[in-house]
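Based on the provided sequences and hints, a complete structural model is requested.
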Amino acid sequence: MPITVVSFDVDGTLIHSIGDHANKLHKAAFSHGFKAVFELDTHIDVISHHGSTDPLIIIKVLEHHGISKDEAMAKLPAVQAEMERYFLAHIDQAAVGIELLPGVKQLLTELQSLPQAATCLVTGNLEPIGWGKMERLGIMDLFSAPRFGGFGSDFCSGNTAETWRDRGEFVRIAARKCEEKHGPVGARFHVGDTPMDIQAALDAGAVPIGVATGIYSRAQLEAVAPDQSVVVLDSLEDVSLVLQKMGLK
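The sequence shown begins at 930 in this note's numbering and counts up by one.
It is possible that part of the hints are untrue.
What the hints assert, rightly or not - Computed cross-link-like contacts, SDA-like style, restricted to lysine to any residue with a CA-CA straight-line distance of at most 20 Å:
hint, residue 1, residue 2
1, Lys1174, Ala1154
2, Lys964, Leu1029
3, Lys1178, Leu1043
4, Lys1178, Ala1046
5, Lys989, Pro1006
6, Lys998, Ile976
7, Lys1174, Asp1163
8, Lys1004, His1019
9, Lys956, Lys1004
10, Lys1110, Pro1057
11, Lys998, Ser977
12, Lys956, Leu1029
13, Lys1174, Lys1110
Unchecked claim - Quick list of the computed label-pair ranges, beta carbon to beta carbon:
hint, residue 1, residue 2, range
14, Ile996, Asp1163, 38 to 48 Å
15, Ala1154, His979, 17 to 27 Å
16, Glu968, Ser1158, 18 to 28 Å
17, Glu968, Thr1038, 42 to 52 Å
18, Ser946, Gln1157, 25 to 35 Å
19, His972, Ile1144, 34 to 44 Å
20, His994, Asp1163, 35 to 45 Å
21, Glu992, Lys956, 42 to 52 Å
22, Ala1154, Ser946, 25 to 35 Å
23, Ala1007, Glu1166, 15 to 25 Å
24, Pro1155, Ile1020, 40 to 50 Å
25, Ser946, Ser1169, 22 to 32 Å
26, His979, Asp1156, 20 to 30 Å
27, Asn1088, Ser946, 38 to 48 Å
Don't read these hints as lab results, they were simulated from the structure. As the structure is a computational prediction, the values presented were derived from the model and not from experiment. Glycine is no exception: its CB is placed at the ideal position from the N, C-alpha and C atoms.
In structure tokens, the structure reads:
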């Protein structure tokens, strides 16, 4: 039986930032990368980064400081390596300033019980950072094993104007990895909280499920592709409804 792939964005979809130390370790990892490679004392909030990917955020911050895209792209692997090293060295702080959104744990538990479904992350996070957050929040073991997904560390086009295009590639990468590890892939659903997630899913041939749990309203998500088969929900709290929309209930 073909496997139904359900991929999840991370920030704003499965988790949200809270308090004075919002998403503390991830942001600190960026700052460490900029300092280690470019001797820059900066942070990601100098730009608008919602819905972007970690590599594209790196490029945009560096361009903000006058560094050319060519140089940023050339040194991108070094910045990412420093970010991953810093994050893993301070992994005990990975859950500081983040928490699970309502319904997430129950939904993943229900999906785990379905033999025809495989769950994964499709996120702009670098892979160790995405999974590190899941581990520290206690839900990593609820994803399909062997684990797979599509991550910021898998691909970067350098296209900072249309960030959804890289996300679309992540959705395709996740499908290929699923086929390698779990067998033939059937229906694919991608769950995310930004217009870029919806555009990415459509671009990659998956069904988008938008959730208004981030900074974008339900109306904004519905307006992305009104003529396409896009599901938009207020949240993931109604697990039965989510499964129904995926044809899994």
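Against the structure, the hints come out as follows:
{"no.": "1", "hint": "Lys1174 with Ala1154", "verdict": "holds (17 Å)"}
{"no.": "2", "hint": "Lys964 with Leu1029", "verdict": "violated (30 Å)"}
{"no.": "3", "hint": "Lys1178 with Leu1043", "verdict": "holds (10 Å)"}
{"no.": "4", "hint": "Lys1178 with Ala1046", "verdict": "holds (12 Å)"}
{"no.": "5", "hint": "Lys989 with Pro1006", "verdict": "holds (15 Å)"}
{"no.": "6", "hint": "Lys998 with Ile976", "verdict": "holds (15 Å)"}
{"no.": "7", "hint": "Lys1174 with Asp1163", "verdict": "holds (13 Å)"}
{"no.": "8", "hint": "Lys1004 with His1019", "verdict": "violated (23 Å)"}
{"no.": "9", "hint": "Lys956 with Lys1004", "verdict": "holds (19 Å)"}
{"no.": "10", "hint": "Lys1110 with Pro1057", "verdict": "holds (19 Å)"}
{"no.": "11", "hint": "Lys998 with Ser977", "verdict": "holds (17 Å)"}
{"no.": "12", "hint": "Lys956 with Leu1029", "verdict": "holds (18 Å)"}
{"no.": "13", "hint": "Lys1174 with Lys1110", "verdict": "violated (25 Å)"}
{"no.": "14", "hint": "Ile996 with Asp1163: 38 to 48 Å", "verdict": "holds (41 Å)"}
{"no.": "15", "hint": "Ala1154 with His979: 17 to 27 Å", "verdict": "holds (19 Å)"}
{"no.": "16", "hint": "Glu968 with Ser1158: 18 to 28 Å", "verdict": "violated (49 Å)"}
{"no.": "17", "hint": "Glu968 with Thr1038: 42 to 52 Å", "verdict": "holds (46 Å)"}
{"no.": "18", "hint": "Ser946 with Gln1157: 25 to 35 Å", "verdict": "holds (30 Å)"}
{"no.": "19", "hint": "His972 with Ile1144: 34 to 44 Å", "verdict": "violated (18 Å)"}
{"no.": "20", "hint": "His994 with Asp1163: 35 to 45 Å", "verdict": "holds (39 Å)"}
{"no.": "21", "hint": "Glu992 with Lys956: 42 to 52 Å", "verdict": "violated (19 Å)"}
{"no.": "22", "hint": "Ala1154 with Ser946: 25 to 35 Å", "verdict": "holds (27 Å)"}
{"no.": "23", "hint": "Ala1007 with Glu1166: 15 to 25 Å", "verdict": "violated (41 Å)"}
{"no.": "24", "hint": "Pro1155 with Ile1020: 40 to 50 Å", "verdict": "holds (42 Å)"}
{"no.": "25", "hint": "Ser946 with Ser1169: 22 to 32 Å", "verdict": "holds (28 Å)"}
{"no.": "26", "hint": "His979 with Asp1156: 20 to 30 Å", "verdict": "holds (25 Å)"}
{"no.": "27", "hint": "Asn1088 with Ser946: 38 to 48 Å", "verdict": "violated (26 Å)"}
Checked against the numbered hints given earlier, this structure breaks hints 2, 8, 13, 16, 19, 21, 23 and 27; the rest are met.
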